[in-house]
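Protein chains in written order, with my numbering: chain A, 8 to 563; chain B, 8 to 563.
Because the hints were derived from the structure by calculation, they are not lab data.
The structure presented is a predicted model; accordingly, all values stated were derived computationally and were not measured.
Take the hints with a grain of salt, since some may be wrong.
Because identical chains share one entry, a pair is satisfied inside a single copy or across any pair of copies.
Listed below are the simulated EDC-like cross-link pairs for lysine to aspartate or glutamate, each with C-alpha atoms no more than 16 Å apart in a straight line [claimed, not checked]:
| hint | residue 1 | residue 2 |
| --- | --- | --- |
| 1 | K429 | D512 |
| 2 | K395 | D241 |
| 3 | K395 | D557 |
| 4 | K133 | E513 |
| 5 | K133 | D510 |
| 6 | K61 | E75 |
| 7 | K59 | E474 |
| 8 | K467 | E89 |
Number of protein chains: 2
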Amino acid sequence: MKYSRLFGKTTRDTVDGSKFVSHQLLTRGGFIAESSAGRYFFLPLGWRVHEKIKKIIKQEMDKTGAQEMISPVLHPLELWKETNRITSVGFELMTIKDGRGAAFALGGTAEEMFVDVVRKFRLSYKDLPFNIYQFSTKFRDEMRSRGGLLRVREFVMKDAYSFDRNADEFKRVYQAMAQTYTTIFSRLGLETSKVEADNGYIGGEYCHEFQVESDIGEGHYFTAEDKSYIAHADVARFKRDDKNVHEEFKPYTEIDAVRGSTMEDGVKLHGLPMWQQIKDFMVVDETNRLILAVIRGDYDVNEIKLARLVEAHHLRHATVEEIHMLGIEPGFISPVGLKGKVLIVGDTSLRTVKNAYGGANAKHRDALNMNIDRDYTLDLEGDIAMAKPGVIAENGQPLVEKHGIEVGNIFQLGYHYTNLMKDATFIDEDGKAKPFYMGCYGIGIGRTLAAVVEKHHDEKGIIWPKEIAPFQVHLISLTGGEIKAQEVYRLLQEKGVEVLWDDRDESAGVKFADCDLIGVPIRLVVSKKTGDRIELKLRSIKESRLVEIDEIFHLI
Amino acid sequence: MKYSRLFGKTTRDTVDGSKFVSHQLLTRGGFIAESSAGRYFFLPLGWRVHEKIKKIIKQEMDKTGAQEMISPVLHPLELWKETNRITSVGFELMTIKDGRGAAFALGGTAEEMFVDVVRKFRLSYKDLPFNIYQFSTKFRDEMRSRGGLLRVREFVMKDAYSFDRNADEFKRVYQAMAQTYTTIFSRLGLETSKVEADNGYIGGEYCHEFQVESDIGEGHYFTAEDKSYIAHADVARFKRDDKNVHEEFKPYTEIDAVRGSTMEDGVKLHGLPMWQQIKDFMVVDETNRLILAVIRGDYDVNEIKLARLVEAHHLRHATVEEIHMLGIEPGFISPVGLKGKVLIVGDTSLRTVKNAYGGANAKHRDALNMNIDRDYTLDLEGDIAMAKPGVIAENGQPLVEKHGIEVGNIFQLGYHYTNLMKDATFIDEDGKAKPFYMGCYGIGIGRTLAAVVEKHHDEKGIIWPKEIAPFQVHLISLTGGEIKAQEVYRLLQEKGVEVLWDDRDESAGVKFADCDLIGVPIRLVVSKKTGDRIELKLRSIKESRLVEIDEIFHLI
Chain A
8 MKYSRLFGKT
18 TRDTVDGSKF
28 VSHQLLTRGG
38 FIAESSAGRY
48 FFLPLGWRVH
58 EKIKKIIKQE
68 MDKTGAQEMI
78 SPVLHPLELW
88 KETNRITSVG
98 FELMTIKDGR
108 GAAFALGGTA
118 EEMFVDVVRK
128 FRLSYKDLPF
138 NIYQFSTKFR
148 DEMRSRGGLL
158 RVREFVMKDA
168 YSFDRNADEF
178 KRVYQAMAQT
188 YTTIFSRLGL
198 ETSKVEADNG
208 YIGGEYCHEF
218 QVESDIGEGH
228 YFTAEDKSYI
238 AHADVARFKR
248 DDKNVHEEFK
258 PYTEIDAVRG
268 STMEDGVKLH
278 GLPMWQQIKD
288 FMVVDETNRL
298 ILAVIRGDYD
308 VNEIKLARLV
318 EAHHLRHATV
328 EEIHMLGIEP
338 GFISPVGLKG
348 KVLIVGDTSL
358 RTVKNAYGGA
368 NAKHRDALNM
378 NIDRDYTLDL
388 EGDIAMAKPG
398 VIAENGQPLV
408 EKHGIEVGNI
418 FQLGYHYTNL
428 MKDATFIDED
438 GKAKPFYMGC
448 YGIGIGRTLA
458 AVVEKHHDEK
468 GIIWPKEIAP
478 FQVHLISLTG
488 GEIKAQEVYR
498 LLQEKGVEVL
508 WDDRDESAGV
518 KFADCDLIGV
528 PIRLVVSKKT
538 GDRIELKLRS
548 IKESRLVEID
558 EIFHLI
Chain B
8 MKYSRLFGKT
18 TRDTVDGSKF
28 VSHQLLTRGG
38 FIAESSAGRY
48 FFLPLGWRVH
58 EKIKKIIKQE
68 MDKTGAQEMI
78 SPVLHPLELW
88 KETNRITSVG
98 FELMTIKDGR
108 GAAFALGGTA
118 EEMFVDVVRK
128 FRLSYKDLPF
138 NIYQFSTKFR
148 DEMRSRGGLL
158 RVREFVMKDA
168 YSFDRNADEF
178 KRVYQAMAQT
188 YTTIFSRLGL
198 ETSKVEADNG
208 YIGGEYCHEF
218 QVESDIGEGH
228 YFTAEDKSYI
238 AHADVARFKR
248 DDKNVHEEFK
258 PYTEIDAVRG
268 STMEDGVKLH
278 GLPMWQQIKD
288 FMVVDETNRL
298 ILAVIRGDYD
308 VNEIKLARLV
318 EAHHLRHATV
328 EEIHMLGIEP
338 GFISPVGLKG
348 KVLIVGDTSL
358 RTVKNAYGGA
368 NAKHRDALNM
378 NIDRDYTLDL
388 EGDIAMAKPG
398 VIAENGQPLV
408 EKHGIEVGNI
418 FQLGYHYTNL
428 MKDATFIDED
438 GKAKPFYMGC
448 YGIGIGRTLA
458 AVVEKHHDEK
468 GIIWPKEIAP
478 FQVHLISLTG
488 GEIKAQEVYR
498 LLQEKGVEVL
508 WDDRDESAGV
518 KFADCDLIGV
528 PIRLVVSKKT
538 GDRIELKLRS
548 IKESRLVEID
558 EIFHLI
């Protein structure tokens, strides 16, 4: 391809207000162009990369026996009604009616569609397991669309759905997919962590995200130093270290406490450690149930863990009015005496501290020497604490905090959809109709592409991994090198090498800068100076050298 | 691929109420499954064919220098407002609002999007011409969705848009695309006719459909026997043969005529030929303009030709009330005396007949010896007649009537979009900003796939052309052939041959029938009977023979 003929050339303009390197470089390099917020054109250069990523994913998926197909973009809304997902889907679903009044959802995921097509066939256990997938546009009506391809409102996702005879069969498919995902991302130049994650309303332990470590990522997870345990902040389990458990019980006392309403105010007033204070956190769920979460003062409550423990879909902070209606005071809340008035939920860390202090349910009154089971009791006890750097995982390893870009996820669906949807069954060996056990496996192509750029660039531009580079060779002809360039271009094309030839009438400076920005692995320069030979430089290293054409073929 | 593992197997059920072979065979063969009316799943088998068709189109498009990219599915509605296409697009546009109130169109075509992305760049004449295309889902909210993939509400289309410096440059691109289309369809096993067609509101002579001749097609066109002229019924030009032009003028007379309101009633009453009668056809356009179309009695008015001549967007038949309001009578309409009351439009055929007869604008009154320019005059005169079998084309060839499936179309857009859309310009050599001259080139993948099946099947099933068959080899193992099958399967896979192995525990009859239905080019059978050898049969011929494995590699 001659660069002069390429649609979508480099631009010097930076993108206003975006702090993401991938957004800047992909835009400036002529890979993408914004249509409306969160919706992008892939220009020819960007589409080449996108399609190479798809190809690698397809190769690896097909190796596992998974089968590509496609579902319509418009999903009959009645299917989403069957599974009660119209309002509870976790992202904003877009819906539309056609000229005859039929309602459709713009697919954000396609569980219902795949169950629907599968139940059209009368399958038996002999047909199982199978794993069907598609590359298709997904719509997420996100309130915020982040810069570039990292969080968008429309993107191509590879979504796979496995249909299995039972949980055991599913687990084998799941393990194979986990391995396949690691392989896929590794081929794309991405080192990923397989992170235990929250499976939302589906539940169960088979749920992992594939995270590419990055400070700009929205993913938040913890990893043992030796990677023996990696888990999302919303599920990361860790040991609560014992504090003053050997202390003697002291008598419960309430005293005047003229202080502000923060935890720090309590520490300052009483001169006691933060961990000895009790932290109280009042929330309300979707059924207007008041929930008091109680935790050791040096930990924070993780709201997802809390929601799971109390089996709520949505939690919000209680208002000052709601707290006052209980006759108690924000900043001075205590579990003591609230039994029966709210649901009291405590973290296991409460058992690692004795003679705790905190509010006494009245303004400027604090309690000293509060002890669990003696002064207050819990309605529910469990893991509701957010991990933090340095806490010890259950396997004894200290945890490190990480941020990452989530490029893929795999999770069990179990019987969730096949129980809700009529006739989503196969005939088992015993002649009985049984629901399919399902799994789901996703990869966002655009975000993966952006993650590659976040990980593979320098101050000059992108450094594409070879397998997904838009071209293998970037040929630059300078003054006096035009005829040689023509010959090299022809030879490379004859050998099937993907070559981008910058044949423009531009300065060496402009051509070199564009070449570095675009990030093709091999740069070739021919000019009067290089004579019969060719200057070869790899994008990833600084040095260049003069070579014969044959040497180039060995590199590709 | 083992057939036992394939998702989407054959079914014996026929599709209720569909008379289309492609609909029946693709459904029964396990290639497609209906989601909602006019929206289909492509099952793994069907998707393989779909993707092979795409690959061939891509190869041929890329050879011409065209560049693949992609636009978002949701088009900002403001772009469609810029070109006034929201209501006048020719198909039902689907629109949607997001959570923030932004309005989008679900793309039916993508002219606005491609102009929009192009105008984001500051292009010069040096960047031209270029041709950018995408494979993307198109939405057409058709009132009727025909059987199977022939007319659907959602389909993947390859749509290309050329941006050219001027009309001359466009013409070269257009001719190259025309040639490319013929090559593409030929590789797909489709003989196509390049049919002159109506370019709607854009106008101009550069507009062609690629039609696959088929009695079930909705396309209607005429072709000279030697194919020197092929044109859609809406544009087909032909000579009007002279009738009684040498007759003497006779005096205009009105007489009582107690007859029915049809043309045949007139022939019967007067004992004169149909061609001597005048046919009157009253229509109303979108501005409520009354238009009387007048034509020789043995021709019919083509409403598209009529609309073009009177420069109307939409025509509808006048109601009886509207005709009565003129003080005249349906079934007895005449142009005589209507001058100034309606727009009188006549076909050139009126000049091939003298002393015509017809209604006299009153019930049961007819006129005799009506002559153009003497008894009535036209406001507009031109070609508004529908061709019919046997008429003579302008090049002297008789025309044959054809029906076809339209699989592709190419047409000029000229300056239509770039004049309506702001800043859709490039900087020309003279330093001035000029609008791009555009062309558009479409192929519907699903309909093309269905057309292949309509042309390549027998009573047992599909007969896929080799290049787009879902698999190259269909291996059948019968009793005693299991071990040999395993070996053949392995050898074929090692050589990269796409092989579908029917490894099920089914009868020979079932396996042969499924094989014929699916239509893979080469059938191999191994059984106790075939011993060390393999029975080879091509899907396209009846005979089978025993061969060694090596012989098979020569065939592929």
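(request) Pop the pair K429 and D512 into one bin, within, between, both or neither, using alpha-carbon distances up to 16 Å. (result) neither (66 Å within a copy, 29 Å between copies)
(message) Cα distance capped at 16 Å. Does K467 pair with E89 within a copy, between copies, both, or neither?
(response) For K467 and E89, neither the intra-copy (52 Å) nor the inter-copy (39 Å) Cα distance is at most 16 Å.
(message) When Cα atoms must be at most 16 Å apart, do K395 and D241 count as within-copy, between-copy, both, or neither?
(response) within (12 Å within a copy, 74 Å between copies)
(request) Could you figure out if K61 and E75 sit no more than 16 Å apart (CA to CA) within one copy, between two copies, both or neither? (result) both (12 Å within a copy, 15 Å between copies)
(request) Tell me, please, which holds for K133 and D510 at an alpha-carbon limit of 16 Å: within, between, both or neither? (result) between (59 Å within a copy, 12 Å between copies)
(request) Have a look at K395 and D557 and pick one of within, between, both or neither, based on CA distance no larger than 16 Å. (result) neither (55 Å within a copy, 65 Å between copies)
(request) Since the copies are identical, ignore which copy is meant and state whether K133 and E513 lie within 16 Å (CA to CA) inside a copy, between copies, both or neither. (result) Between. Shortest inter-copy distance 12 Å satisfies the 16 Å Cα cut-off; intra-copy 64 Å does not.
(request) Pop the pair K59 and E474 into one bin, within, between, both or neither, using alpha-carbon distances up to 16 Å. (result) For K59 and E474, the Cα distance is within 16 Å only inside one copy (7 Å; across copies 22 Å).
In summary, the structure is inconsistent with hints 1, 3 and 8 from the numbered list given earlier, while agreeing with the others.
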